[in-house]
Amino acid sequence: MYLRVNIKKLLPAFTLKVDFSLPVGESMVLFGPSGSGKTTLLRILAGLEQIDQGYVYFGRDCFVNTHEKIFLPPRKRNLALVFQEGILFPHLSLEKNINLQAKDKEQTKDLLQILGLWSLRKRKPAEVSGGERQRAALAQALARKPRLLLLDEPFSALDQKTKETVINFLKTWQEENKTTMVVITHQWDEAQELSSYWLEIWRGETKFCTRPFPGHKFFVPPAQLRANV
Amino acid sequence: MITPLWLSFKLAIIVTAILVVLASPLAYVLSFRQFRGKPWLESLIMLPLVLPPTVLGFGLLLFLGPHGPLGKLFWRFFGYTPAFHFSGLVLACLIHGLPFAVQPLKAAMSKLDRKILELAEVSGLSPLHTFIQIVLPNVWPGIMAAAIITFAHTLGEFGVVLMVGGGIPGKTLVASIAIYSYVEALEYTKAAWLSLILLVLSYVVLCTAMFLERRQNTCIFGST
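Residue numbers (numbering that gives the first Met the number 0), protein chains in the order written: chain A, 0 to 228; chain B, 0 to 223.
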């Protein structure tokens, strides 16, 4: 079972062409310079952007296939997306934000405590810092227990110590829940910590990367993976 | 002098309540959904803004009268036609007031951060839940502003109400038409008092709308 992506989308500056397969339950890091199409790719996976040509499959589920004119709305994809800005519903407290679509409401308390938000749980998003908002947005996404978790620079507003705690928790959580995760980051240390699979995007073109240190998996070329689907 | 004022208030309250309920989902659809025929629908809703009230009133008079389609329907079910009846005033004010309710709601919704709606979408919320749980709580000052402007507009409605209602004392003679009647009868004192009451009320209502609009800006822009 794979997350299979083969898409083309015309952007104002270039054409985004992405072709990869990722085993379900694994995590992948997307990196590349600003404006290279990383966020657009994440939004395509989420269903927030349309594609011009191609397909996205998650396991047996078709998210989008232009040839067969299939488009599954984002709300039916059972995924979660954490925006870079840590977007939350502004009229709800952090706790209510996390509880809104939580699968297990009991887990909200644990998430608030682990991510250091317990004392802030009654505050609204406008009343906390950017880093606290990012953590709350992550907690909101995790509470839904999605099968696909998409994170757009989720640690950019966190200090080093908090970042380490959050990354460690996220890794454990991902392994326990076998959630497929795609993360955008500019930080090498974050990328090394988070994932076995890396995908570099440069002006819309993908380049497959191997991890630069021993003991780690290599990115499997999509053609080989597709043969196994 | 009291009866026309009471009729005006009764009309304004009923029309405001109905219009807010109708205009909120309509403004949501017009703000965030793309569909074929949207410019046609928007133009139709906004038409009363540019149409002379007498033209709209005349059209409605024919539509609601004994030979009009809605008039016939009313006659069959209720035994009367809405023309020259209070129900006719309500229907006419609903149509004439719709753009006044939709515009402030659309303005409030356009200030809403689109990413909040995208978050709702990827969080698995249905469009109905998004509207009720996310959009309405974030635009409530806009809803209040729409209600207040609609109320004030209905209170001062003249042309359409005169054409459809005819200004029958105790039935369709609202305050704005009463002022006109007093002036025609050279009863300037009565006309002045009624005008003064409407002037003060309209000013208070508009001030409230302005305060609510400021609050809407604080709510939305203060949160990001």
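There could be a bad hint or two in this list.
What the hints assert, rightly or not - Taking lysine-lysine pairs in the DSSO-like style, the calculated list, with each CA pair at most 30 Å apart, reads: (1) A/K68 to A/K144; (2) A/K95 to B/K114; (3) A/K75 to B/K37; (4) B/K110 to A/K121; (5) A/K104 to A/K68; (6) B/K9 to A/K108; (7) B/K189 to A/K75; (8) B/K9 to A/K170; (9) B/K114 to A/K144; (10) A/K123 to B/K114; (11) A/K102 to B/K114; (12) A/K102 to A/K123; (13) A/K144 to A/K121; (14) A/K108 to A/K123; (15) A/K16 to A/K104; (16) A/K144 to A/K162; (17) B/K37 to B/K110; (18) B/K114 to A/K7; (19) A/K121 to B/K114; (20) A/K206 to A/K162; (21) A/K121 to A/K95; (22) A/K68 to B/K37; (23) B/K9 to A/K16; (24) B/K114 to A/K104; (25) B/K189 to B/K9; (26) B/K110 to A/K177; (27) B/K114 to A/K68; (28) A/K160 to A/K177; (29) B/K110 to A/K75; (30) B/K110 to A/K95; (31) A/K177 to A/K16; (32) A/K16 to A/K108; (33) A/K123 to A/K68; (34) B/K110 to A/K123; (35) A/K68 to A/K95; (36) A/K160 to B/K114; (37) A/K162 to B/K9; (38) A/K102 to A/K7.
No lab work stands behind these hints, which were simulated from the structure alone. Only a predicted model underlies this, so the values are computations on that prediction, with no experimental measurement involved.
Verification of the hints:
1. A/K68 to A/K144: Measuring from Cα to Cα gives roughly 29 Å; hence the hint holds.
2. A/K95 to B/K114: Distance of about 18 Å is within 30 Å: holds.
3. A/K75 to B/K37: This hinted pair holds, its Cα atoms lying about 26 Å apart.
4. B/K110 to A/K121: holds (25 Å)
5. A/K104 to A/K68: At roughly 37 Å apart (the allowed maximum being 30 Å), A/K68 and A/K104 break the hint.
6. B/K9 to A/K108: violated (50 Å)
7. B/K189 to A/K75: violated (64 Å)
8. B/K9 to A/K170: Outside the cut-off at roughly 63 Å; violated.
9. B/K114 to A/K144: With a Cα-Cα distance of about 21 Å, the restraint between B/K114 and A/K144 holds, given a limit of 30 Å.
10. A/K123 to B/K114: Holds: A/K123 and B/K114 sit about 17 Å apart, inside 30 Å.
11. A/K102 to B/K114: holds (22 Å)
12. A/K102 to A/K123: holds (22 Å)
13. A/K144 to A/K121: With a Cα-Cα distance of about 22 Å, the restraint between A/K144 and A/K121 holds, given a limit of 30 Å.
14. A/K108 to A/K123: holds (17 Å)
15. A/K16 to A/K104: violated (40 Å)
16. A/K144 to A/K162: holds (21 Å)
17. B/K37 to B/K110: holds (20 Å)
18. B/K114 to A/K7: Roughly 24 Å between the alpha carbons, so the hint for B/K114 and A/K7 holds.
19. A/K121 to B/K114: holds (22 Å)
20. A/K206 to A/K162: Given that 30 Å is the threshold and the Cα spacing comes to 27 Å, the pair holds.
21. A/K121 to A/K95: holds (8 Å)
22. A/K68 to B/K37: holds (24 Å)
23. B/K9 to A/K16: violated (62 Å)
24. B/K114 to A/K104: Measuring from Cα to Cα gives roughly 24 Å; hence the hint holds.
25. B/K189 to B/K9: holds (21 Å)
26. B/K110 to A/K177: violated (39 Å)
27. B/K114 to A/K68: holds (26 Å)
28. A/K160 to A/K177: holds (26 Å)
29. B/K110 to A/K75: holds (27 Å)
30. B/K110 to A/K95: The hint holds at about 23 Å.
31. A/K177 to A/K16: holds (28 Å)
32. A/K16 to A/K108: violated (41 Å)
33. A/K123 to A/K68: Given that 30 Å is the threshold and the Cα spacing comes to 41 Å, the pair is violated.
34. B/K110 to A/K123: holds (19 Å)
35. A/K68 to A/K95: Violated: A/K68 and A/K95 sit about 37 Å apart, past 30 Å.
36. A/K160 to B/K114: holds (29 Å)
37. A/K162 to B/K9: violated (60 Å)
38. A/K102 to A/K7: Violated, at about 34 Å.
Comparing the model with each numbered hint stated earlier shows that hints 5, 6, 7, 8, 15, 23, 26, 32, 33, 35, 37, 38 do not hold.
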